[in-house]
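S.K.: For reference, the chains in residue letters:
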Amino acid sequence: MGKLLSKLRGKSPLVHHITNYVTVNDCANITLAIGASPVMADDINEVEDMVSIASSLVLNIGTLNNRTVESIILAGKKANELNIPVVLDPVGAGATPYRTKIAKKIMEEIKLSVIRGNLSEIKTLYGIKTQTKGVDSVDSISSNKNDFIKTKNLAMDFANKLDTIIAITGEVDIITDGKHIYSIKNGHEMMSKVTGTGCMCTSLIGSYLGSGKDNLAAALAGVVSMGIAGEMAFERLDKCGGSGSLKTNIVDAIYNLSEEVIVKRGKIYED
Amino acid sequence: MGKLLSKLRGKSPLVHHITNYVTVNDCANITLAIGASPVMADDINEVEDMVSIASSLVLNIGTLNNRTVESIILAGKKANELNIPVVLDPVGAGATPYRTKIAKKIMEEIKLSVIRGNLSEIKTLYGIKTQTKGVDSVDSISSNKNDFIKTKNLAMDFANKLDTIIAITGEVDIITDGKHIYSIKNGHEMMSKVTGTGCMCTSLIGSYLGSGKDNLAAALAGVVSMGIAGEMAFERLDKCGGSGSLKTNIVDAIYNLSEEVIVKRGKIYED
Amino acid sequence: MGKLLSKLRGKSPLVHHITNYVTVNDCANITLAIGASPVMADDINEVEDMVSIASSLVLNIGTLNNRTVESIILAGKKANELNIPVVLDPVGAGATPYRTKIAKKIMEEIKLSVIRGNLSEIKTLYGIKTQTKGVDSVDSISSNKNDFIKTKNLAMDFANKLDTIIAITGEVDIITDGKHIYSIKNGHEMMSKVTGTGCMCTSLIGSYLGSGKDNLAAALAGVVSMGIAGEMAFERLDKCGGSGSLKTNIVDAIYNLSEEVIVKRGKIYED
Numbered sequence: 019m020g021k022l023l024s025k026l027r028g029k030s031p032l033v034h035h036i037t038n039y040v041t042v043n044d045c046a047n048i049t050l051a052i053g054a055s056p057v058m059a060d061d062i063n064e065v066e067d068m069v070s071i072a073s074s075l076v077l078n079i080g081t082l083n084n085r086t087v088e089s090i091i092l093a094g095k096k097a098n099e100l101n102i103p104v105v106l107d108p109v110g111a112g113a114t115p116y117r118t119k120i121a122k123k124i125m126e127e128i129k130l131s132v133i134r135g136n137l138s139e140i141k142t143l144y145g146i147k148t149q150t151k152g153v154d155s156v157d158s159i160s161s162n163k164n165d166f167i168k169t170k171n172l173a174m175d176f177a178n179k180l181d182t183i184i185a186i187t188g189e190v191d192i193i194t195d196g197k198h199i200y201s202i203k204n205g206h207e208m209m210s211k212v213t214g215t216g217c218m219c220t221s222l223i224g225s226y227l228g229s230g231k232d233n234l235a236a237a238l239a240g241v242v243s244m245g246i247a248g249e250m251a252f253e254r255l256d257k258c259g260g261s262g263s264l265k266t267n268i269v270d271a272i273y274n275l276s277e278e279v280i281v282k283r284g285k286i287y288e289d
Numbered sequence: 019m020g021k022l023l024s025k026l027r028g029k030s031p032l033v034h035h036i037t038n039y040v041t042v043n044d045c046a047n048i049t050l051a052i053g054a055s056p057v058m059a060d061d062i063n064e065v066e067d068m069v070s071i072a073s074s075l076v077l078n079i080g081t082l083n084n085r086t087v088e089s090i091i092l093a094g095k096k097a098n099e100l101n102i103p104v105v106l107d108p109v110g111a112g113a114t115p116y117r118t119k120i121a122k123k124i125m126e127e128i129k130l131s132v133i134r135g136n137l138s139e140i141k142t143l144y145g146i147k148t149q150t151k152g153v154d155s156v157d158s159i160s161s162n163k164n165d166f167i168k169t170k171n172l173a174m175d176f177a178n179k180l181d182t183i184i185a186i187t188g189e190v191d192i193i194t195d196g197k198h199i200y201s202i203k204n205g206h207e208m209m210s211k212v213t214g215t216g217c218m219c220t221s222l223i224g225s226y227l228g229s230g231k232d233n234l235a236a237a238l239a240g241v242v243s244m245g246i247a248g249e250m251a252f253e254r255l256d257k258c259g260g261s262g263s264l265k266t267n268i269v270d271a272i273y274n275l276s277e278e279v280i281v282k283r284g285k286i287y288e289d
Numbered sequence: 019m020g021k022l023l024s025k026l027r028g029k030s031p032l033v034h035h036i037t038n039y040v041t042v043n044d045c046a047n048i049t050l051a052i053g054a055s056p057v058m059a060d061d062i063n064e065v066e067d068m069v070s071i072a073s074s075l076v077l078n079i080g081t082l083n084n085r086t087v088e089s090i091i092l093a094g095k096k097a098n099e100l101n102i103p104v105v106l107d108p109v110g111a112g113a114t115p116y117r118t119k120i121a122k123k124i125m126e127e128i129k130l131s132v133i134r135g136n137l138s139e140i141k142t143l144y145g146i147k148t149q150t151k152g153v154d155s156v157d158s159i160s161s162n163k164n165d166f167i168k169t170k171n172l173a174m175d176f177a178n179k180l181d182t183i184i185a186i187t188g189e190v191d192i193i194t195d196g197k198h199i200y201s202i203k204n205g206h207e208m209m210s211k212v213t214g215t216g217c218m219c220t221s222l223i224g225s226y227l228g229s230g231k232d233n234l235a236a237a238l239a240g241v242v243s244m245g246i247a248g249e250m251a252f253e254r255l256d257k258c259g260g261s262g263s264l265k266t267n268i269v270d271a272i273y274n275l276s277e278e279v280i281v282k283r284g285k286i287y288e289d
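These protein sequence lines are chains U, Z and Y, in that order. The first sequence begins at 19 in my numbering and counts up by one. The second sequence begins at 19 in my numbering and counts up by one. The third sequence begins at 19 in my numbering and counts up by one.
Since the hints were derived computationally from the structure, they do not count as laboratory data. Treat the numbers as computed from the prediction; the structure is a model and nothing was measured. Treat the hints with care, as some may be off.
Remember, identical chains collapse to one label, so a pair may be satisfied in a single copy or spanning two.
Unchecked claim - Heads up, simulated PhoX-like pairs for lysine-lysine below, C-alpha to C-alpha not over 20 Å straight-line: (1) 168 / 129; (2) 21 / 282; (3) 211 / 29; (4) 25 / 211.
Between the sequences and the hints, there should be enough to build the whole structure, so can you do that?
M.R.: The following block contains the structure:
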């Protein structure tokens with residue numbers, strides 16, 4: 019796992035983002051911090067050219083609109099044609115019918131390497147009726163054993179159906195390629211008080227995807243990196259520290275992340 | 019006043035924003051920091067659905083354009099229909115004829131619970147000719163007694179005409195429902211060196227609006243919370259600290275804000 | 019050089035930006051930190067009115083799209099008509115044909131006071147085939163003496179052809195009006211790990227342009243201010259500090275910048 023980080027930093031892959039305007043700056047900065055090179059471009063006249071020189075494509079529907087949906091589809095298809103990996107962040111799927119419709123459209127028209135979302139978003143895409151509270155999950159990965167097993171089965175079934183990696187992040191993260199399934203227990207609950215920690219996690223996955231050929235490993239590495247950064251960011255807060263400092267600390271922690279730290283702090287369990 | 023904060027944190031209301039792309043990230047983070055849940059969505063295909071699941075709506079015209087104006091009107095009308103409170107931040111009204119026209123259109127077509135702006139913006143909406151310097155006020159709430167009384171009369175008259183709460187923020191803040199009028203003397207002048215402190219204040223008002231039924235109390239609570247956060251943020255700066263740290267500290271201060279601090283530091287005067 | 023800063027702070031010029039949504043918040047905050055007043059407005063219905071009350075115009079194509087291109091041209095022409103200085107940041111020119119085409123269109127239709135870009139972007143505009151890696155330069159200002167001379171000749175020739183100031187930023191910065199040429203050796207390599215340090219530099223140039231009549235001096239002052247801020251930001255990092263803190267520190271350093279510091283730390287060489 020740790021080796022992926024030095025590979026990423028050695029290559030510094032160009033990661034093309036079509037993303038929302040709420041967290042776009044944080045996504046760019048975390049992509050730089052991990053060692054990749056972000057570019058944000060969403061105009062229909064250039065997305066195909068931009069993705070053609072990129073090593074991976076991040077699609078994030080956080081503030082989707084008609085103009086960018088067209089660009090998303092065009093860029094995604096070009097990426098597929100060129101075998102450039104694509105990760106989808108279906109932000110807020112389930113909150114409104116339009117968002118759900120567009121997320122499904124992307125899922126149907128583009129071959130995705132990884133989908134990362136919270137449980138409400140993933141349930142929505144899988145076809146289970148739920149109601150995402152804006153961009154926040156109303157479902158949580160339950161510690162109740164039966165519910166936990168249900169969620170894992172859903173994730174594996176979804177991964178198999180789409181032949182993709184499903185990454186559900188929350189208190190516990192679940193990542194599966196349909197054959198193997200992993201839980202990650204890093205992170206800190208205070209991360210939910212910073213907007214865009216999900217989006218940033220997706221950008222990290224995109225960065226790892228751009229530097230290797232193993233999509234499952236990229237998803238695991240992205241999620242565990244974000245979780246560890248959240249923990250370290252929390253530990254560094256002083257007594258007046260709050261969610262503003264936490265955001266800055268997360269970027270710092272990713273910048274200073276090393277293979278040793280990933281190996282030492284990572285809590286990845288195969289189930 | 020302090021009680022409103024625990025009520026807000028208990029409910030964690032969903033606050034739908036249609037806002038500008040300059041300060042949107044800060045608005046989302048301060049909304050999370052105070053204890054609410056922000057969602058930013060501006061596409062015409064989903065704004066009515068999004069506002070329907072929200073507890074309040076924040077309209078901010080900081081970077082308005084033809085596409086979002088239509089969404090603003092649609093979302094506002096839906097909010098009115100469902101009795102969801104709406105706060106308007108008329109950023110830059112008075113700087114250009116277009117901005118003034120759109121701000122007035124919103125004011126005429128949508129029933130607003132609160133309007134928060136600087137003195138130039140509020141004067142413009144009230145119909146007094148002035149020239150907003152971009153997004154900054156050229157008018158200041160004068161310490162000259164006669165001018166101060168004029169401003170208060172303007173605010174009260176405007177609040178009565180529109181049956182809304184008017185909040186004018188500046189060196190001294192004035193808040194009125196047309197019957198009662200309050201001054202708030204919290205805040206620090208250095209806050210004007212951080213972009214979006216006005217927008218963030220409006221998001222705080224939106225957060226309080228989403229968790230209670232008293233619009234006047236929500237406006238007072240939002241403005242006093244922001245002012246106190248600005249003071250605490252300034253006090254925490256070290257000798258190399260500047261406006262970059264101040265922004266982070268403001269979010270931290272809101273995150274750590276307590277009812278005790280509001281009661282202890284709040285400088286609210288009824289006139 | 020130092021005198022320009024007090025002049026800027028005395029005047030607090032309004033700097034109209036039409037810029038990208040990735041780094042727009044940082045551009046606004048650094049413009050405030052240096053002492054100017056930013057306004058971001060890109061709608062076709064108001065850009066001419068907005069630029070008319072501004073002291074300078076910043077054009078940045080970081081996330082250009084059809085809607086804003088039209089606004090850029092309109093605002094630029096109005097600025098020319100009113101003798102308001104215009105600075106162009108051709109972000110990513112060379113990465114896609116569309117971006118190159120639009121950057122050249124702006125260059126042809128609008129009289130520019132300053133163009134600031136990295137070496138790949140400037141080479142592209144000059145007409146030399148290169149491939150910008152997203153928004154990052156693939157060309158570096160070589161320490162090889164012959165290459166360095168070639169780059170300087172290119173810059174001078176370009177400045178003469180367009181009758182403008184060319185500012186190429188990188189490890190070493192080159193600034194020329196076509197007659198005189200300067201190198202600046204401030205800055206720190208870690209600045210490349212923060213998105214938007216180029217954009218922020220352009221905003222600083224725009225701020226200086228808005229407060230004086232000497233375009234060459236404004237370009238030099240903007241570039242040297244940014245470089246010094248980057249150095250001071252790096253020196254202030256603690257052992258857990260990374261690129262997140264660096265960004266905050268850069269804004270703080272600009273806020274606290276003084277004429278004495280510019281004189282003491284500035285490394286400007288006339289060649």
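S.K.: Decide, hint by hint, whether the structure agrees.
M.R.: Now the hints, each set against the structure:
no.: 1; hint: 168 / 129; verdict: neither (25 Å within a copy, 46 Å between copies)
no.: 2; hint: 21 / 282; verdict: within (13 Å within a copy, 44 Å between copies)
no.: 3; hint: 211 / 29; verdict: between (33 Å within a copy, 15 Å between copies)
no.: 4; hint: 25 / 211; verdict: between (32 Å within a copy, 18 Å between copies)
In summary, the one numbered hint that this structure violates is 1.
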